[in-house]
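Using the sequences plus the hints, can you model the full thing?
Going down the list, the protein sequences come from chains F and W.
The first sequence begins at 1 in the working numbering and counts up by one.
The second sequence begins at 410 in the working numbering and counts up by one.
In case anyone wonders, no lab produced these hints; they're calculated from the structure.
Treat each hint with caution, since some may be false.
Claimed, not checked - Here are some, though not all, of the chain W residues that point toward chain F, as calculated from beta-carbon distances under 8 angstroms: (1) Gly432; (2) Thr644; (3) Thr725; (4) Trp734; (5) Thr739; (6) Tyr743; (7) Gly758; (8) Pro770; (9) Tyr788.
Unchecked claim - Derived coverage of chain W by chain F (criterion: at least 3 residues anywhere in the stretch with Cβ under 8 angstroms from a Cβ of chain F; other residues may be distant): (10) 549-562; (11) 705-717; (12) 727-733; (13) 744-757; (14) 761-769.
All C-beta atoms, glycine included, are put in the ideal place defined by N, C-alpha and C.
There are 2 protein chains.
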Amino acid sequence: MTQATSTNKIVILGNESVTLPKGYKAGGMHCGIKKKRLDLGYIVSEVPAAVAGVYTTNIFQAAPLIVTQESIAKENKIQAILVNSGNANACTGEQGLLDAAEMQKKFADELGVQQHLVAVTSTGVIGELLPMDCINTGINQILQSEYEQEENFKQAILTTDTCIKQIGVQLTIDGKTISIGGAAKGSGMIHPNMATMLGFVTTDANIAQEDLLAALKDVTNQTFNMITVDGDTSTNDMVLVMANGLAGNEQLTKDHPDWDCFVDGLEIVCKELAKKIARDGEGATKLVEIQVSGAFSTDAAKTVGKSIISSNLVKTAIYGTDPNWGRIVTAAGYSGVPIEPNLLEVSIGQYKVFEKGLPCPIVEEEVKSYLEQENVVIYVNLNQGDYSATAWGCDLTYDYVKINASYRT
Amino acid sequence: MTQATSTNKIVILGNESVTLPKGYKAGGMHCGIKKKRLDLGYIVSEVPAAVAGVYTTNIFQAAPLIVTQESIAKENKIQAILVNSGNANACTGEQGLLDAAEMQKKFADELGVQQHLVAVTSTGVIGELLPMDCINTGINQILQSEYEQEENFKQAILTTDTCIKQIGVQLTIDGKTISIGGAAKGSGMIHPNMATMLGFVTTDANIAQEDLLAALKDVTNQTFNMITVDGDTSTNDMVLVMANGLAGNEQLTKDHPDWDCFVDGLEIVCKELAKKIARDGEGATKLVEIQVSGAFSTDAAKTVGKSIISSNLVKTAIYGTDPNWGRIVTAAGYSGVPIEPNLLEVSIGQYKVFEKGLPCPIVEEEVKSYLEQENVVIYVNLNQGDYSATAWGCDLTYDYVKINASYRT
Chain F
1 MTQATSTNKI
11 VILGNESVTL
21 PKGYKAGGMH
31 CGIKKKRLDL
41 GYIVSEVPAA
51 VAGVYTTNIF
61 QAAPLIVTQE
71 SIAKENKIQA
81 ILVNSGNANA
91 CTGEQGLLDA
101 AEMQKKFADE
111 LGVQQHLVAV
121 TSTGVIGELL
131 PMDCINTGIN
141 QILQSEYEQE
151 ENFKQAILTT
161 DTCIKQIGVQ
171 LTIDGKTISI
181 GGAAKGSGMI
191 HPNMATMLGF
201 VTTDANIAQE
211 DLLAALKDVT
221 NQTFNMITVD
231 GDTSTNDMVL
241 VMANGLAGNE
251 QLTKDHPDWD
261 CFVDGLEIVC
271 KELAKKIARD
281 GEGATKLVEI
291 QVSGAFSTDA
301 AKTVGKSIIS
311 SNLVKTAIYG
321 TDPNWGRIVT
331 AAGYSGVPIE
341 PNLLEVSIGQ
351 YKVFEKGLPC
361 PIVEEEVKSY
371 LEQENVVIYV
381 NLNQGDYSAT
391 AWGCDLTYDY
401 VKINASYRT
Chain W
410 MTQATSTNKI
420 VILGNESVTL
430 PKGYKAGGMH
440 CGIKKKRLDL
450 GYIVSEVPAA
460 VAGVYTTNIF
470 QAAPLIVTQE
480 SIAKENKIQA
490 ILVNSGNANA
500 CTGEQGLLDA
510 AEMQKKFADE
520 LGVQQHLVAV
530 TSTGVIGELL
540 PMDCINTGIN
550 QILQSEYEQE
560 ENFKQAILTT
570 DTCIKQIGVQ
580 LTIDGKTISI
590 GGAAKGSGMI
600 HPNMATMLGF
610 VTTDANIAQE
620 DLLAALKDVT
630 NQTFNMITVD
640 GDTSTNDMVL
650 VMANGLAGNE
660 QLTKDHPDWD
670 CFVDGLEIVC
680 KELAKKIARD
690 GEGATKLVEI
700 QVSGAFSTDA
710 AKTVGKSIIS
720 SNLVKTAIYG
730 TDPNWGRIVT
740 AAGYSGVPIE
750 PNLLEVSIGQ
760 YKVFEKGLPC
770 PIVEEEVKSY
780 LEQENVVIYV
790 NLNQGDYSAT
800 AWGCDLTYDY
810 VKINASYRT
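This is the structure:
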């Protein structure tokens, strides 16, 4: 599968992930935090890599986020990422910070690198101290070759996710093949401004750190920050991109003729991971995409899209395959954006359901049958301008209630 | 049951409603919009009454809201309210406006009053034209004595509500007994800034219209606007207060020594209706109250309260009787209010679950057993100032999903 861009071709590789780029290895194991499933994973680069990160806007930032941000601030480089699942190390006070730092130091020692070159992150239950005995024993063993498998890493970062999320792309810059690979986990508390969403992206591009960070922020705003599962923004959200330069290209900056191509590649990776998180939202049966066009600004388009995809009434209607355009229109109407009721057009798939302030005649069974698909697209044209945005989410189901009435986050 | 205030005593009458004040009658009937249940109701005052209204902030205002607001603007008085359920007359374009006006005129003619003295409102399915034949036939008959029962009115305004919502209070001003009575309907699309929430309050107080409106806005912000069922703000929300002056008191204004007592009475009525709407939210099994204190402003307290009560994760945890303080803390943390993590204290009922950035030791079974009650109170102290606010909502259950995956709003 290839996607043409202005300057280049980007090859999308659905079965690749964080070890697609040169110089990365990844692994994972069961260290004992969870009952059975893998719960400790790593990515390691052969050489220190430029790093860019975006973090939750929740005031309660989990301990590992604090530790990682402080470490990255030192020289904007890391060489490794260590992740545990099953315990978020959030709301754990001073001891939580000490534990995150201990985890970081111990893994740095195993690797023989400086402590601040290791990023640590955690996802799972809030408010319980990390079981440091399990984690320390795990760190002692995890670099053994039996655990070194990209698949293990992708498994080890999951919580209530039902599947791994991965994607890879390749493009050519300065005659060199540049690879970008990603892995992520969802699946509840997802309404990022940065959810318990973790995203890890690796590339072998040689790229200026400040430009990488600018690109990540930009891309995150179009991708990870445009998904919602339940409107809850977690304490642990984090997306990290590592760029180790081993592709051997001239350093990429904003002024490089192929800059946009790289950013497009990064965006494809982040968007694919974001959509997979939305599709695998707790209890979800469908991926729902809201494409808003004709807005007077990008922010207005985003706000309308997020308002619709966040509506419990829209989400339950889609679960029930009910072509309930009234709830879509209502959610657009309370978004806070001054839309013009008589200009608004709404389509469910190819079926126009609302325009000029009135519902359109539809064959209910046709639209219902469209809604039975796993991927539902709703088009909203505000007819007020030239800006657009897309938001992704999922339906709201019995299983969402079941999972969350019993699972202790 | 009585409640002492600074100036007076307010007697609360749980079984009274809109005909408690002097000079009001109410009724309702089945006119054929719904299959069987009552669907057309009225309140009529013997004399024109000062009126104050608050309306949905949704950009898509339903036709009857537009017609009613225009009519009220003429002289800030009405003598009657006509309500239908089963059809919201929203997203119905020009014809919808004509239908709302026709309904208004026809009822005014039956009563022998000017058209603009009738407020009309509708609740139910969006985007279908009103069945004017049923409504017109209904209006022809509804003033017959067989339909004149307050109980009928309270029934006729319901949609997916499982019960009527009513309350009355009495207080004494200038030696005269003043009564205030109210009735309301919920129960989905409830996140007022004005939900499909309709509230009707009557009083026999003689009161200046502009002061009545100021009091209603103030009280609504503390009551109806502090409840949520699903975060969706409907196209049809409206609260109307009629004051016909038949109690014979000197005209109440802000300067009257008993002004605060009247406002307290109005607040009790609105708060009780609001709480009943929250408790009867679609599929709800519990009323959840979030009491926020220690905020640096009232707005901050409200924002934190609404953020917590709007969280699907908090709502499902309460349904599952799971003392999941982590979700409460998380929702406070993403509210946008700059709270201080180490100052925050959270209690579930009498059980303190979080302080100084850390969970408190609890006997899980005790808190679980508290959460099994029908009324759950969560206390959140921000310890940053002296302001407080209360928000109300309900749990999120299988039945919410069931109702909304199949019901066409």
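Margin query: Quick check: do three or more residues in the segment 761-769 of chain W have a beta carbon closer than 8 angstroms to a beta carbon of chain F?
Written below: holds (count 5)
Check: Can we keep the Trp734 of chain W interface hint, with Cβ of chain F closer than 8 angstroms?
Finding: With a closest approach of 7 angstroms, the Trp734 of chain W hint holds.
Notebook entry, point to check: How about Thr739 of chain W: closest beta carbon in chain F under 8 angstroms, or not?
Noted result: Interface hint status for Thr739 of chain W: holds (6 angstroms vs cutoff 8 angstroms).
Check: Given Thr725 of chain W was flagged as interface, is its beta-carbon under 8 angstroms from a beta-carbon of chain F?
Finding: holds, 4 angstroms
Margin query: Under 8 angstroms between beta-carbons, do enough residues of the segment 549-562 of chain W, three at least, approach chain F for the coverage claim to hold?
Written below: violated (count 0)
Checklist line | Status of the Thr644 of chain W interface restraint (C-beta, 8 angstroms, chain F) | finding: Nearest chain F Cβ about 6 angstroms off; hint holds.
Check: Quick check: the segment 705-717 of chain W, covered by chain F? Criterion 3+ residues, Cβ under 8 angstroms.
Finding: Since 0 is below three, the answer is violated.
Next item on the list: With chain F as the partner, please determine if Tyr743 of chain W meets the hint condition of a C-beta pair closer than 8 angstroms.
Entry: holds, 4 angstroms
Margin query: Verify this for me: three or more residues of the segment 744-757 of chain W with a beta carbon less than 8 angstroms from a beta carbon of chain F.
Written below: holds (count 3)
Next item on the list: For the hint on Tyr788 of chain W, just tell me whether its beta-carbon gets within less than 8 angstroms of chain F.
Entry: Since the shortest Cβ distance to chain F is 18 angstroms, the answer is violated.
Check: With 8 angstroms as the cut and Cβ atoms as the points, is Gly758 of chain W at the interface with chain F?
Finding: With Cβ-Cβ at 18 angstroms, over 8 angstroms, it is violated.
Item checked: 8 angstroms C-beta test of the segment 727-733 of chain W against chain F, three or more residues -> holds (count 4)
Checked against the numbered hints listed earlier, the structure breaks hints 1, 7, 8, 9, 10, 11; every other hint is satisfied.
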